[in-house]
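Q: Given the sequences, and given the hints that come with them, work out the whole structure.
When we follow the working numbering, the leftmost residue of the sequence shown carries the number 198, and every step to the right adds one.
Please note that the accuracy of each hint is not assured.
[What the hints assert, rightly or not] The following label-pair restraints were derived from C-beta to C-beta distances: (1) 273 <-> 571: 42 to 50 angstroms; (2) 248 <-> 324: 40 to 48 angstroms; (3) 249 <-> 566: 35 to 43 angstroms; (4) 403 <-> 241: 45 to 53 angstroms.
Hints were generated in silico from the structure; no laboratory data involved.
Each residue gets a CB set at the ideal place from its N, CA and C atoms; glycine is no exception.
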Amino acid sequence: MRAPRVLLLEAAGPESGAIARTAAASGYQVHAATDPTTHSAYGTDLRRLLSGCLTSDFSRPDHALEDIVGYARRIGADAVLTANEYLTPLLAQVCAALGLPGNDPEHAAMARDKAAMSEVFALHDVAAPRTRVLDSEDELRLLRAAGEISFPCVIKPADGAGSAGVTVVTDPDCAADGWRAAARSPRGMYGLPPDPRVLVQNYVEGTEYSVESITQHGMTTHLCATRKTVTQGAHRVEVGHSLPAALPPGTERAVHREVERAIAAVGIRNGASHTEVIVDEDGRCSVIEIGARLGAGHIGVLLRHALGIDPWTVLLDTALGRPAHLTPARRAYASVRFLTSPRTGRLAAVTGLPKEGPGVPAVHLRTAVGQTVGPAQANHGRLGHFIVTGPDPAAVERQAEQILARITVVVDSDRAPHHAGSPAAREPGPEREVTRAP
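A: Here is the structure:
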């Protein structure tokens with residue numbers, strides 16, 4: 198019996214790399230499909246792991262679909278999957294063409310484009326914030342003048358991800374700034390055709406969670422809820438994830454009910470989902486958005502440490518049409534904290550980082566000393582992270598906060614840079630800001 202052959206739509210990135218390594222360790226033959234630019238940055242270890250790689254122009258989805266389906270047939274692919282949110286609509290189409298387990302290709306784009314998502318949520322009675330989809334800043338001005346927008350509100354791009362271009366607007370006079378931040382935010386990957394529309398949503402007060410779920414043949418199992426630690430201000434960045442989050446039984450049932458409606462609304466039938474919700478002080482749940490993928494930000498790693506569930510094996514089994522093992526093997530707790538910069542400048546040092554060891558299984562600084570950094574306005578602006586695990590949630594949270602308090606981020610910046618062609622001036626000395634990592 199030959200080993201299963203797995204095709205990954207994009208093998209770069211932490212989650213994709215983990216899937217590839219898990220598949221190879223299981224004796225599977227691993228292939229990847231990506232675009233030429235991304236492939237050129239593949240490291241030596243990843244290239245050695247892959248049995249083959251297709252490069253295609255992902256900016257032309259119809260062309261990419263034809264290429265990928267042809268390649269999958271040539272290698273005899275038994276499963277096709279992705280951890281990349283931008284490729285989930287393409288994945289659904291590929292799986293449908295090949296007759297492999299996947300999501301509804303007619304609805305898959307609704308888990309990627311937030312304008313379409315808001316519309317299908319309304320059709321399926323998913324409890325979600327009131328959302329207006331706008332084509333121009335003029336529409337925003339007209340709605341403001343008519344008193345049709347309540348403040349605070351959230352303004353965000355229709356096809357964004359990772360909190361990029363998202364603004365919480367409390368002052369009506371700043372609404373135009375929120376619009377421009379959304380409209381000008383970087384759009385997508387691979388040169389995929391963008392959706393230029395902008396969403397204006399009612400702001401929901403409460404605690405932020407995500408629900409990590411696996412659906413097989415239309416039947417959903419919720420692995421856990423993850424509590425989010427989020428910055429305040431106009432730009433909200435996730436600076437902590439902790440799981441499993443304990444919710445009162447009635448609230449948990451209500452959250453699961455809304456999440457299942459959202460999963461059905463966007464056509465998730467076989468695969469992971471990551472649903473972001475806010476629960477208010479009365480236990481009411483609002484679904485903010487859903488992705489047809491496993492949660493990023495090391496949530497997969499937390500699942501393994503806290504619950505003993507190997508998410509990468511689960512994703513592979515689901516894509517192969519095998520029953521996935523979803524029962525927790527342990528009942529522990531895990532939390533990740535992210536580091537951010539206090540200001541724009543050159544990263545001079547990060548001190549006080551813990552050492553990896555029992556209870557602290559991962560410490561990583563993704564930004565090198567000497568690089569230019571700035572205050573995080575989206576999740577990609579985070580500098581690094583550490584993970585804390587243990588049997589007791591309160592003890593883990595306490596240890597994570599104690600570690601965080603000992604970490605110092607040092608950023609140097611010039612007060613007034615000298616511009617070429619300007620009159621000579623005394624060179625200002627560097628300004629150094631030393632800040633405890635939030």
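Q: Please go over all the hints and tell whether each is borne out by the structure.
A: Against the structure, the hints come out as follows:
no.: 1; hint: 273 <-> 571: 42 to 50 angstroms; verdict: holds, 47 angstroms
no.: 2; hint: 248 <-> 324: 40 to 48 angstroms; verdict: holds, 45 angstroms
no.: 3; hint: 249 <-> 566: 35 to 43 angstroms; verdict: holds, 38 angstroms
no.: 4; hint: 403 <-> 241: 45 to 53 angstroms; verdict: holds, 46 angstroms
In summary, the structure agrees with every hint in the numbered list given earlier.
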